[in-house]
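**Student:** Residue numbers (the numbering used here), protein chains in the order written: chain L, 1 to 277; chain V, 1001 to 1537.
Hints listed in this document are in silico derivations from the structure and should not be mistaken for laboratory results.
These numbers come from a predicted model, not from an experiment.
It cannot be assumed that every hint is accurate.
[What the hints assert, rightly or not] Listed below are several chain V residues computed to face chain L (Cβ distance under 8 Å; list not exhaustive):
| # | residue |
| --- | --- |
| 1 | Ala1334 |
| 2 | Ala1338 |
| 3 | Ala1453 |
| 4 | Val1455 |
| 5 | Val1462 |
| 6 | Ile1477 |
[To be verified] Covered, in the sense of this in silico footprint (three residues per stretch, anywhere, with C-beta under 8 Å from a C-beta of chain V), are these stretches of chain L:
| # | region |
| --- | --- |
| 7 | 82-88 |
| 8 | 114-121 |
| 9 | 182-196 |
| 10 | 217-224 |
Note that CB positions come from ideal geometry on N, CA and C, so glycine has one too.
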Amino acid sequence: MSAAQPCLPVARHAEATGMRDALHAEWTKLRTVAGPAWLLAGTVVLTVAVSTAATAAVRCQAGLACPVDTAKLSLTGIEFGQAVVAILAVLVISGEYSTGMIRVTLAAMPRRTTVLAAKAVLVVGLVLAAGTIAVGGSLLAGRIILPGHGFTAARGFPLLSLGDGPVLRAAAGSVLYLGLIALLSLGAATAVRDSAVAIGIVLGLLYIFPIVANVVSNAHWHRHLEQVGPMSAGLAIQATTGLRSLPISPWAGLGVLAAWAAGALLAGGLVLRWRDA
Amino acid sequence: MTAGTVTPYRPGEQAGRDGFAQVLRAEWTKFRTVRGWVIGTLGAVLVTAGLGLFAAGASSSSCQGTGGGPARTGQGCMTIPPVGPGGEAVSDSFYFVRQQLAGNGSITVRITSLTGKLPPTNGNLPSNPNAPVDTRPGLVPWAKAGIIIKESTQPGSAYAAMMVTADHGVRMQDNYTNDTAGQPGAVSPASPRWLRLTRSGDTITGYESADGTGWTQVGTVHLAGLPSAVQAGLFAASPAYQAISQNNFGGGENGIIAPSQDTAVFDHLSRSGTWPGGAWTGDYIDAADGSGIGGYHQVGGRFAVTGSGDIAPAVAGQGGSGTTITNHLVGTFAGLIAVIVVATIFITAEYRRGLIRITLAASPRRGRVLAAKAIVIGSVTFVAGLAAAAATVIFGARLASARGSYVYPVPWPTELRVVVGTGLLIALAAVFALALGTVLRRSAAAVTIVIVAIVLPYLLGVVSVLPVSASDWLLRITPAAAFAVQQAMPQYPQVTALYTPSSGYFPLAPWAGLAVLCAYAALALALAAVLLRRRDA
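Looking at chain V on its own, in the form it has when it is part of the complex (with noise of 0.2 Å):
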């Protein structure tokens, strides 16, 4: 053999030369020559998207009947929620008692009520929304009161508020999602707040005091692109209230959702800077669907503002026909069962037919085989996974919207990191399929405790009669922990709702519920390369 002759193929040679390229070139000749395994890729490619673009078509509301247009408000149908200045879905509602003020000032005032009503306990509500219910006196947790200054009337528009709460305080909001903690503890005529909002072009500062003479800076917000001049004044907000307790239970419809209303008594309101004073008026705030219950009532310097509703970011799947795209994902689950099928097949057919000991003759270090073989799993149901997810979110979301089902805006790199996110999670699952594959060498042990352990978690969650606290811990702990990577609203503290998997919202953060199945995945690879090398094959 002279230089320049061209060397004839040596497979042992070549291995022992560049070993892992070879291998994982092996792996995927045998992959991609093998038609079911192709197909059955394809075929989860395409289950998960067809049964999304379902979910996503058959989920139109029932105003549809209407005419088939658009989603739009009115009796029986979504009340489509406005926009915030960060994109997202946001309630708008309050009772405002407000005046026009241009360029920097401050506004203050004290607080020495915050008195409320609810709906029974019972929840028989008169079908009739607009009949007067039983109410009983009584505050939900985030009923909220205080001053506010908002860029317009126009609901969704940008704000910063001080306020007292019913539960949690004196906070300062700006902009929907964000929320700061002042001091704790209720207001009461005995212990009055006093709170105070200073504006210095598009900086806007919050105070608050117990005694109106030693302040305290709760917060300072920039709202970007603020107009001279403001709408400012006093608010009252009360979110609606739902009967949520640690024994609540998945599956059925058993919440108690009913408007709530609260009452707070003003006095000691005074303005400065360079803003007059001028006559107050008062209008409930995006009363869409004229349900908005609220008013104010003036004597001398002390105002008593009754108000429902909230300013806070609106929550999917909370009596509203509207979805998310993690509602539309609902395919993956099929998707899911076709590549843990290929993924177990893949390992466990090569010792069904005895193809392993020829593997293993040609490439004897084993862990290189096994290494190889996920990685070609792995990258394959990655590119399948995101293909289907990236299919489902966009085409998902234009045919909802063109059925008449409201889909939730997410931005975009949410919708990005659920898109990856899926095609990772997909190609997890097809990891600890075939580490478990390798591990137990039958595909029907394999295949069963893989798709249980993924699958059933979430299902039991969403349709048993396990209580939400047990259903929340086996999402947390099992493999289908990694769901949690297709959460597309995110949770918020200062919002009350029932945050459950079948609204889209998991316990763990997105990609903390990946990090669960990543070590799932990781545990049996590492048995399994252990297994591999000490068993005969």
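With the rest of the complex left out, here is chain L (with noise of 0.2 Å):
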């Protein structure tokens, strides 16, 4: 017994500092290796390229009626960049498992809520933070590649701006878009552990739903598919123009998603806390 001794103190010290403590070790664990900081460059980079190349193939000509959301459409790449940022959130937690780094840091850790929680929190900051660099790229792109594809202010398209309110919620919308679908992905592989399937749960709920609702012709379904699906529902705070024919309207949407994002993060938080890991 008295080999125990000498660890008693430093088990008292973590509990009195829980949650300082376990930021602080996942913010090292995340900036010492390469892959989170190369998934976050992967998000700008393809969003912004995503989009960059969406808004090129879309030319409003003359004497057409162009029904195109300038805002939604220069956001495209958001539909690409979602599933980099489903893999850095799903590694975070994904990746412990398959080393067994998961046990150490739940023995230095034992409240597996407090580290989830700091997980959670150090994900959404770098997603948020690379989301904005990300969504200010692609509507700075749409802004300068626009007005020369025919979208110009005399037909009706004024020159992109965060001046501009629903300009400035889809942009703002679509960081938060990014920091729920992290925190969604964070849940489901806390869940299930294995990477592979945890983003083949998160790419399968974003994807599955607006593609089944695309071929229910009964008008019912159709709504109601859109409406629980988490990227359909989430992504319509990107619309700007026809907001009335919406299945749901933009924030009751991000709801939705949050509420997908809270469901996945409880159903990870209890089986961490029941489970052995």
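Dock chain one against chain two, each of which comes alone in its own frame, and use the hints as you go.
**Tutor:** Shown next as structure tokens:
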């Protein structure tokens, strides 16, 4: 028993300053491997590249009505960028399970909820930062490209500007959207532990709802599917025109995604607490 | 060790003798004994069929409220299209100035003009379809008028016709799907067209002429089982006007579809052979909902015939609530995701657990290990995909019909191609995922890349703001091209329509689309084989 004595002060110390130490530990883990930095850079590059390509592919020819939501169009890259965000958030926890690191982590910080909370805070913070750059770059690309492609102010397409209420909402909402996708992925990965399964579940949840909704011709079911799908509801935040025809209002849509994320985190938290690592 | 005694089990010796069968068996045992992988594969089958049946069942038309029976014609409901001689759904509505003719003979006519009316460009149509609209003069590209020999006035019956069209010159068309081009150019009083159809038994030959003396044969068709007495005469039809341009955007309902009409002026109408001269009667064929526009006006030997509608194969997803088996197979996307996850873990789990070192120690020829894994995962997922697709196609159509939704009929070879193709699509995606998993050794990246490459291009084409041309390119060059193998309804050049992925039409031919995915899988597999050999495990 005497051999255990020296450890006691350390244990007390961990209990006293749980969250700050946990944040510090998780930050060190994220900072000292190359993966997260690359994935964050990938999120920015992929989002801006796809947004630019999508914007460049669309032209509004003279004399034709163009039913285009330019803000939404220039944020198309989010649909790709979210996949990279999902990888990042999944790896933050499932990487520990695949290497066995999770046992060290939980031995050092026995309060499992605190560990998950620290991971969530850090991942969301990083994703929000990267998302802000990605969204800013995408909107900037749209601002530069769109007027040359026929989307001029004279035809009812003013320059994209954050001073415009709906555009600001679309931009800020897209950043928040990425943050919520990160939480959803983190929760799913904590619940299932395996990175491949977690990615499959997250991308399935995101992509399947809009695809199924598209082939369901019954208007009632179509609308409901778009209202509950995390991606179709969450991306309602990007709409700046035709708000009346949206299946769900922008902020309510983001709320639906937040509910999915909360559900996933709750499931992940419960599994983490109750199951052996 | 003498002959006759049982040789003890020695893996090393056996591997030397029949190595590949051993490796194959080892990989199959690995797959079979991991519960999660088997559950994942079964889950892929269930989710594919389940989502498919949900889509089929939830697509019931708005007519369902009016009695719950099968879809019926009428206000707000889809008109059930007639079925043509080839078993395909067709549209057969036009104005017909006809008389019954028995035996062999020929009919000749001159057309001096083809004019028409289009709905207004802004698409501001009155909500009541019978109210008069502000029309403007003009023709849709496939507005057509000419002479026709038809089995009967029954919609969907066999026919052969010679016609002039607005933008596509003289054509000979028969039995809805066949279309043969004659001389190009529009018809006008200055350059009239002479058309002739000659019947000899089951054979009908079409001719055209610029002056009524020098005739050119356009085509010959055989209408099997054509009765002696047929309906023959003049017709005019004009397909619905659709605002379609290169600039059209996917997603959203922004296309304008509205009825149009055309009027053709005929003279020099004559019959020869055993066909006597008789009185002409005019009526609109297949005015199921009473909205057909048409009529004719005869002054001496001069006929002005006005018509709307089309004599052509039906196209899915056009304002109707009908579904195709392509729509029912929407669950393939979910099944694919599950299969991709399993196939990736099939290799990455070996790296994660260090099992790969034992695998490669037991079977040092690394290419063989990869081949065995590809064969095992490919076969298993092929069977799974085949079973899921077969169940969806068979039960989906029944469920949809029972729920009052119209399902476009598809000939059985097409159905077989769609089912087998779906199995192959899933198997190839699994092999692609396995190969990428071998290359990257990380499940998360491999799974994401394969899912994003296969599913997202389709999704972008269907629900995003990308223009049709851009999403068409995505569906040509990405692995998502393989969904073309699920296309059930053919695309017809002689029918103008929005052939979009969301209504089940893909830019590539079915097998060509599958070949694109095949190429991706083969390339990834080759790269995986090279890297597996070069790198330490």
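**Student:** Hint by hint, say whether it matches the structure.
**Tutor:** Quick rundown of the hints versus the structure:
1. Ala1334: holds (5 Å)
2. Ala1338: holds (7 Å)
3. Ala1453: Violated, because the Cβ-Cβ distance from Ala1453 (chain V) to chain L comes to roughly 10 Å (cut-off 8 Å).
4. Val1455: Interface hint status for Val1455 (chain V): holds (5 Å vs cutoff 8 Å).
5. Val1462: At 5 Å from the nearest chain L Cβ, Val1462 (chain V) passes the 8 Å test, so the hint holds.
6. Ile1477: Interface hint status for Ile1477 (chain V): violated (13 Å vs cutoff 8 Å).
7. 82-88: That given contact holds, which follows from 4 residues of the region 82-88 of chain L lying within Cβ reach (below 8 Å) of chain V.
8. 114-121: Coverage by chain V is violated here, the residue count being 0 at a Cβ distance below 8 Å.
9. 182-196: Holds: 3 residues of the region 182-196 of chain L have a Cβ under 8 Å from chain V.
10. 217-224: It holds: at least three residues are needed, and the region 217-224 of chain L offers 4 whose Cβ sits within less than 8 Å of chain V.
Of the hints listed earlier, those the structure fails to meet are numbers 3, 6, 8, in rising order.
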